[in-house]
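Which chain is which? The protein sequence lines are B and S, in order. Residue 176 in the UniProt record's numbering sits at position 176 of the first sequence, and the numbers go up by one each step. Residue 93 in the UniProt record's numbering sits at position 93 of the second sequence, and the numbers go up by one each step.
A couple of the hints might just be wrong.
In silico DMTMM-like pairs for lysine to aspartate or glutamate, Cα to Cα no more than 20 Å straight-line [said to hold, decoys possible]:
#, chain 1, residue 1, chain 2, residue 2
1, S, K185, S, D93
2, B, K14, S, E257
3, B, K14, S, E244
4, B, K16, S, D191
5, B, K138, S, E40
6, B, K181, S, E35
7, B, K88, S, D191
8, B, K92, B, E144
9, B, K14, S, E142
10, B, K14, S, E35
11, B, K193, S, D42
12, S, K53, B, E144
13, B, K193, S, E142
Hints listed in this document are in silico derivations from the structure and should not be mistaken for laboratory results.
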Amino acid sequence: MPPMIDPSLFDQIKSKIEEDTTVRKELEQIVDELHQHVSFTQGLLSRIHSTPRSKYPTLLPQVEESIKSQVATVSKLSIFASQYPYYKYNHKWTRPLQDSLSTVLLFSWLSSPSHTLLSPSDVSSFYSVPLNLTSEDKFHITTEEYLLALVSIIDDLSRLAMNSVTLGDTALAVEISTFIKDLHAGFQVLNLKNDILRKRVDSIKYAVKKVEDVVYDLSLRGLIPAAGATEGETKKE
Amino acid sequence: MSGFKRDWNGNAKKRDGPKPPPKKAVQNQFTHMFENLRDELDQHHDRRERIIKASRDITALSKKIIFALQRVRKIDEELPKNIQAEIDTRLADIAKLLATIAPEIQGINRYRYARSLMCLEELVEALTFCHYLKTQTLISPEQLSPIMDDLVRKGITPSEDVAMTDVNELAAATPEKLEEKETPKVSLTQDDYLYGVFDLTGEMMRFATTSTALTGTMAGGGAEGDDQPRTIVEDMHELGSFFEMLPVGQGNRFQWEKKLEVTRQSVQKVERLGYDRTIRGSERPKGWIPDLSGGDQPEEE
Chain B
1 MPPMIDPSLF
11 DQIKSKIEED
21 TTVRKELEQI
31 VDELHQHVSF
41 TQGLLSRIHS
51 TPRSKYPTLL
61 PQVEESIKSQ
71 VATVSKLSIF
81 ASQYPYYKYN
91 HKWTRPLQDS
101 LSTVLLFSWL
111 SSPSHTLLSP
121 SDVSSFYSVP
131 LNLTSEDKFH
141 ITTEEYLLAL
151 VSIIDDLSRL
161 AMNSVTLGDT
171 ALAVEISTFI
181 KDLHAGFQVL
191 NLKNDILRKR
201 VDSIKYAVKK
211 VEDVVYDLSL
221 RGLIPAAGAT
231 EGETKKE
Chain S
1 MSGFKRDWNG
11 NAKKRDGPKP
21 PPKKAVQNQF
31 THMFENLRDE
41 LDQHHDRRER
51 IIKASRDITA
61 LSKKIIFALQ
71 RVRKIDEELP
81 KNIQAEIDTR
91 LADIAKLLAT
101 IAPEIQGINR
111 YRYARSLMCL
121 EELVEALTFC
131 HYLKTQTLIS
141 PEQLSPIMDD
151 LVRKGITPSE
161 DVAMTDVNEL
171 AAATPEKLEE
181 KETPKVSLTQ
191 DDYLYGVFDL
201 TGEMMRFATT
211 STALTGTMAG
221 GGAEGDDQPR
231 TIVEDMHELG
241 SFFEMLPVGQ
251 GNRFQWEKKL
261 EVTRQSVQKV
271 ERLGYDRTIR
281 GSERPKGWIP
291 DLSGGDQPEE
301 E
């Protein structure tokens, strides 16, 4: 009579569990590294709330520098994670990756005079990592990750709208207001399910209200710069 | 949102003022991008929905198989005919469902929708239980995967002449193409297998309890061997030790610990059965059937 459990089965399963544990540990190390770079960049970026636009040329290069180390870590992560089923471990890095994306989005928005928003494919080429793969099982940036990152820069910018007024840069507040309202309209296009994305997207309306209030205060006092003079030219120090 | 007035025919009345355009399709530089992203998200949500629906049905069918198997009274190569027939029809239904979702859970999507595929755990439970009742052994993942492949293949074959394109459109536009291509496989993950086997211990416990109560013997192998035939008590002990010895999976520690605890309880319940039978078994006349309505039947979990 054959035994209840084939003797080789135990070793086989045990070694698979052990392999899984090793993979997780290695992933955690890379993700930790990413997390550190992201936190540092976020810290640097938080200075925008107290830095007038004229001083950006000294601040932004530092941000760019630290973003480079994020990109390096993401590519390391990409190489490692691509060896394994993507969605098996995706939850381990999705948060720090979202944060990383949002620093990149915010950085590029701030550093371009016309305030360009990087599209998903721009982001993908920025990191040299593919985007929203549906058949190939490799590391990539998902649609949800991009959208969630977008929500978090909206939050940041709504705060900046207020602080830019404090710094005397009313033009920036108006620019932010236009940008956020356009994005808000964009998010309305999506069909969302009851998930994390829905929850985060729902919060955009508070950011919209915040910037609308700022713009209202400005217009009430006639502080909105003339329509002709836009963007970078109307810096007030 | 706001209602509109109707004339007395019930037709919507025109407002006095100029009506706002029916849908304010706000167009700005981001609209196009968001429309693309919407399509990507929709694709994912729709697929997920289809998988969840099939998964729920597969779970229900698997549970019915398990119930049918619980009506078996002894471990034997041949299941009673009526039970085998019931299982076969259920499996045929499962096969069809599996075939519909198989193309959707290939490659990268296997893990993407892993949490929507809890049915596979249930199916593993049913298949391992069936295998145990026939052979008194634990089926290995290697033995299971051809069974799964076979199910999917059977699920696809009868529906080839019937038009069922809506679900398969992703895999193949034409049925010929589907034939040419290898039939998609529904792979089981290690977790599907292990958690299915965890649940198997619960089923074995229930089976041991009822079969012992009704037949008066502890289920086990035939007595033809010279040694004492192995009984379900030993099998449960072996399964119990098997899980105790395995390292805890890092992914879902909590669930693992919970399942392990339930397994421990099941092992102990069967142990107790073995003890009772050894102590009192000889006192009980052959064919004696205990009062199953009794309060302290360990049958209920």
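Checked hints:
no., hint, in the structure
1, K185(S) <-> D93(S), "17 Å, holds"
2, K14(B) <-> E257(S), "16 Å, holds"
3, K14(B) <-> E244(S), "11 Å, holds"
4, K16(B) <-> D191(S), "11 Å, holds"
5, K138(B) <-> E40(S), "18 Å, holds"
6, K181(B) <-> E35(S), "17 Å, holds"
7, K88(B) <-> D191(S), "11 Å, holds"
8, K92(B) <-> E144(B), "15 Å, holds"
9, K14(B) <-> E142(S), "15 Å, holds"
10, K14(B) <-> E35(S), "47 Å, violated"
11, K193(B) <-> D42(S), "9 Å, holds"
12, K53(S) <-> E144(B), "23 Å, violated"
13, K193(B) <-> E142(S), "38 Å, violated"
Checked against the numbered hints above, the structure breaks hints 10, 12, 13 and satisfies the rest.
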